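Given the coordinates of chain X, assemble chain F onto it according to the supplied hints.
Below are the chains, spelled out letter by letter.
2 protein chains.
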Amino acid sequence: MNNFVYYNPVKILFGAGQIEKLSKEIPSDAKVLMLYGGGSIKSNGIYDQVKIALENFAMTEFGGIEPNPTYETLMKAVQVVNDKNIDFLLAVGGGSVIDGTKFVAAAAKYQGDDPWDMLTKGAEVKDALPLGTVLTLPATGSEVNGNAVISRKSIREKLAFGHSRLFPVFSVLDPHVVASLPERQIRNGIVDAYIHVIEQYLTYPVHAELQDRWAESILKSLIKVGPEVLKAPDNYHNAANLMWLASMALGGIIKVGCPEDWSTHMIGHELTAMHGVDHALSLAIVLPGVMEEMREEKREKLLQYADRIWGIQSGDNGQRIDEAIKQTNYFFQRLGMKTRLSDHNIGKDTISEIQKRFKSRPGFDALSETGTLTPDRVKALLESRL
Amino acid sequence: MNNFVYYNPVKILFGAGQIEKLSKEIPSDAKVLMLYGGGSIKSNGIYDQVKIALENFAMTEFGGIEPNPTYETLMKAVQVVNDKNIDFLLAVGGGSVIDGTKFVAAAAKYQGDDPWDMLTKGAEVKDALPLGTVLTLPATGSEVNGNAVISRKSIREKLAFGHSRLFPVFSVLDPHVVASLPERQIRNGIVDAYIHVIEQYLTYPVHAELQDRWAESILKSLIKVGPEVLKAPDNYHNAANLMWLASMALGGIIKVGCPEDWSTHMIGHELTAMHGVDHALSLAIVLPGVMEEMREEKREKLLQYADRIWGIQSGDNGQRIDEAIKQTNYFFQRLGMKTRLSDHNIGKDTISEIQKRFKSRPGFDALSETGTLTPDRVKALLESRL
Numbered sequence: 013m014n015n016f017v018y019y020n021p022v023k024i025l026f027g028a029g030q031i032e033k034l035s036k037e038i039p040s041d042a043k044v045l046m047l048y049g050g051g052s053i054k055s056n057g058i059y060d061q062v063k064i065a066l067e068n069f070a071m072t073e074f075g076g077i078e079p080n081p082t083y084e085t086l087m088k089a090v091q092v093v094n095d096k097n098i099d100f101l102l103a104v105g106g107g108s109v110i111d112g113t114k115f116v117a118a119a120a121k122y123q124g125d126d127p128w129d130m131l132t133k134g135a136e137v138k139d140a141l142p143l144g145t146v147l148t149l150p151a152t153g154s155e156v157n158g159n160a161v162i163s164r165k166s167i168r169e170k171l172a173f174g175h176s177r178l179f180p181v182f183s184v185l186d187p188h189v190v191a192s193l194p195e196r197q198i199r200n201g202i203v204d205a206y207i208h209v210i211e212q213y214l215t216y217p218v219h220a221e222l223q224d225r226w227a228e229s230i231l232k233s234l235i236k237v238g239p240e241v242l243k244a245p246d247n248y249h250n251a252a253n254l255m256w257l258a259s260m261a262l263g264g265i266i267k268v269g270c271p272e273d274w275s276t277h278m279i280g281h282e283l284t285a286m287h288g289v290d291h292a293l294s295l296a297i298v299l300p301g302v303m304e305e306m307r308e309e310k311r312e313k314l315l316q317y318a319d320r321i322w323g324i325q326s327g328d329n330g331q332r333i334d335e336a337i338k339q340t341n342y343f344f345q346r347l348g349m350k351t352r353l354s355d356h357n358i359g360k361d362t363i364s365e366i367q368k369r370f371k372s373r374p375g376f377d378a379l380s381e382t383g384t385l386t387p388d389r390v391k392a393l394l395e396s397r398l
Numbered sequence: 013m014n015n016f017v018y019y020n021p022v023k024i025l026f027g028a029g030q031i032e033k034l035s036k037e038i039p040s041d042a043k044v045l046m047l048y049g050g051g052s053i054k055s056n057g058i059y060d061q062v063k064i065a066l067e068n069f070a071m072t073e074f075g076g077i078e079p080n081p082t083y084e085t086l087m088k089a090v091q092v093v094n095d096k097n098i099d100f101l102l103a104v105g106g107g108s109v110i111d112g113t114k115f116v117a118a119a120a121k122y123q124g125d126d127p128w129d130m131l132t133k134g135a136e137v138k139d140a141l142p143l144g145t146v147l148t149l150p151a152t153g154s155e156v157n158g159n160a161v162i163s164r165k166s167i168r169e170k171l172a173f174g175h176s177r178l179f180p181v182f183s184v185l186d187p188h189v190v191a192s193l194p195e196r197q198i199r200n201g202i203v204d205a206y207i208h209v210i211e212q213y214l215t216y217p218v219h220a221e222l223q224d225r226w227a228e229s230i231l232k233s234l235i236k237v238g239p240e241v242l243k244a245p246d247n248y249h250n251a252a253n254l255m256w257l258a259s260m261a262l263g264g265i266i267k268v269g270c271p272e273d274w275s276t277h278m279i280g281h282e283l284t285a286m287h288g289v290d291h292a293l294s295l296a297i298v299l300p301g302v303m304e305e306m307r308e309e310k311r312e313k314l315l316q317y318a319d320r321i322w323g324i325q326s327g328d329n330g331q332r333i334d335e336a337i338k339q340t341n342y343f344f345q346r347l348g349m350k351t352r353l354s355d356h357n358i359g360k361d362t363i364s365e366i367q368k369r370f371k372s373r374p375g376f377d378a379l380s381e382t383g384t385l386t387p388d389r390v391k392a393l394l395e396s397r398l
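As they're listed, the protein sequences go chains X and F.
So the number in my numbering is just where the residue sits in the first sequence, counting from 1, plus 12.
So the number in my numbering is just where the residue sits in the second sequence, counting from 1, plus 12.
Calculated from the structure, these hints are not laboratory results.
The model shown is predicted, which means the values in this text are computed figures rather than measured ones.
Please note that a few of the clues may not be correct.
No distinction is drawn between identical chains; accordingly, a pair holds when it is met within one copy or between any pair of copies.
No more than 30 Å apart at the CA atoms, straight line, and that leaves these computed lysine-lysine pairs for DSS-like [said to hold, decoys possible]:
1. Lys-133 - Lys-33
2. Lys-23 - Lys-313
3. Lys-133 - Lys-36
4. Lys-43 - Lys-138
5. Lys-165 - Lys-138
6. Lys-36 - Lys-96
The shape of chain X in the complex, shown without the other chains (with noise of 0.2 Å):
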């Protein structure tokens, strides 16, 4: 096991009713902005119990945060923050609210000429206005960390940061929010959840028993509630259950003292970047190429990951990775996902795109764990998911 330092100080209320209990987090002398997105909070009721919780709170609205959250539309919102005195942000919403709303955070405070800068030279967050959420989508875990990935759209790029002064100060997590939510979006939930498991999971052993059953925990869990609530949306229980396994896939508790990869990710961003494929789609698509090109390099661990997750018991070594790899692509496509770029009518243009991209940005030449997943060997695993 690797050194490491662990430190999470969300603060998680979880269940049935909890939104009542947002007036207490929340300091009483705070002007608050509240964050959200396209309006689904206002034809599910989370808007209304919202309003009626904070309504002796001094409190400002801006609505409008897209899916991939946008640097052009998060300015507006700093602007708002500046015009406002705001001292205190509430995202309402999934984790493109959230993630949007910690770029306000910061970029609020930020000191240098443009908080862009924080994505793509790392400057670093000095400052942050204090944050909440209330979770209205189980998916990226944004709840439970100080991490957010923001795209700009004028050069069509996605990219990722973070610090510990982004951690949200509380989140409120109800699983009633569930119920209400499309297929599809569900469905995604289900496969981030599991793919950022696999991130922290699927690299080289390191004698760290308890992260990897934690790790391994989530997925069998996943594989096993995930078609449930597809199936019973409504069921409170699941919705519960698929609800904390998204937080906990994030919350930062099963890498500890681990390698991580997140290859699947930066490629993954790319699809969304070029083609606005949602993301977890577009982790689902390129997750398979990735285990395949990458299966020297993760072979230890893929043969813990077949006979774990899989029950894959026979056949050589080879073997078990080949079961593996497939088993996942079909539990993909068993939720309800095409996990082939040609199904997007995605093609040979923008892998050399990705590839060239890749060759240019620091950082991004030496991908995966092992710092062995070249701008080449992405163009190779990208052809083999066509």
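For chain F alone, coordinates are given in the frame of chain X:
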């Protein structure tokens, strides 16, 4: 899954050489009281490492905190805190030193007549000194939670209390300490962690998919790693795994939304208070009795435990439960514990005294997650452990 609030702000610094970083975790102008136990930190080198790391700090020492730390000793430390205007406590030791330090942290700021009221009368912890820990013994998990168990020698009582103000600000976990521990302490640590998990797991099912699997992950890992650590305590990977397992057993994350028991602890504490039995040993003596006595209330989880932990799939329900209890008891015995009361010269008098105490002490007349474990049943289960 039940509603829950989860919050755990402890910063964990894990791994070889982390003690060096201590100076960055304590405010540089703090007046520090370093609390420790019987002096083993002087022979294993931890004392020197801490002193070097904090050479620029104003530091006072308080040694001599005993296993099962006593009110009598800890009130002397409170006096030192007051005399020296201490504003930061550093616990260097195992669960006893850390528990004791939490009591000192709360007692030093206690406004009522007697801090013991926090344990007997539920007097609220309204303020507490900040504390950090350097863990020297993986076992109790006290380094990652806000709970403590304190004994009062004069009346032979051992009681628990806790508060979110008593979370350590940070905890340093360097697995190298394991190599210098006596076999008995390692064995105790393994069993203590195992039974901490059991108390949070072996109740009744509430559709908590992940919580169940995470608890089972710790149990399975302890069954694998435990004997390996005892055989080779100087193997860093084994030691690191045991240390992380013991912390995660009582960090709070596996129990969220689930019922808890703690009967085994409540009964075990009496054996320690009355006869000085090691804490973990007291639990290993009592647990098989609780499993047997509560087999109807715990039936579903006992069957799940039999299947997932011990791979018991044959026989009727009763036979599977019998086998699971037997395997649990064997596990403790294989680690080197004698799990009968008579092995420790404890007889019927003690059992009657415990029955009597539980009848008169508030909250002890209806133990377990179902409130059905009466003092008379406690007597019966202890008699089965004679």
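Hints, one by one, checked against the model:
no., hint, verdict
1, Lys-133 - Lys-33, "between (39 Å within a copy, 28 Å between copies)"
2, Lys-23 - Lys-313, "between (33 Å within a copy, 29 Å between copies)"
3, Lys-133 - Lys-36, "between (38 Å within a copy, 27 Å between copies)"
4, Lys-43 - Lys-138, "both (22 Å within a copy, 28 Å between copies)"
5, Lys-165 - Lys-138, "within (26 Å within a copy, 51 Å between copies)"
6, Lys-36 - Lys-96, "within (22 Å within a copy, 37 Å between copies)"
Figure legend: structure checked against the earlier numbered hints; every hint is met.
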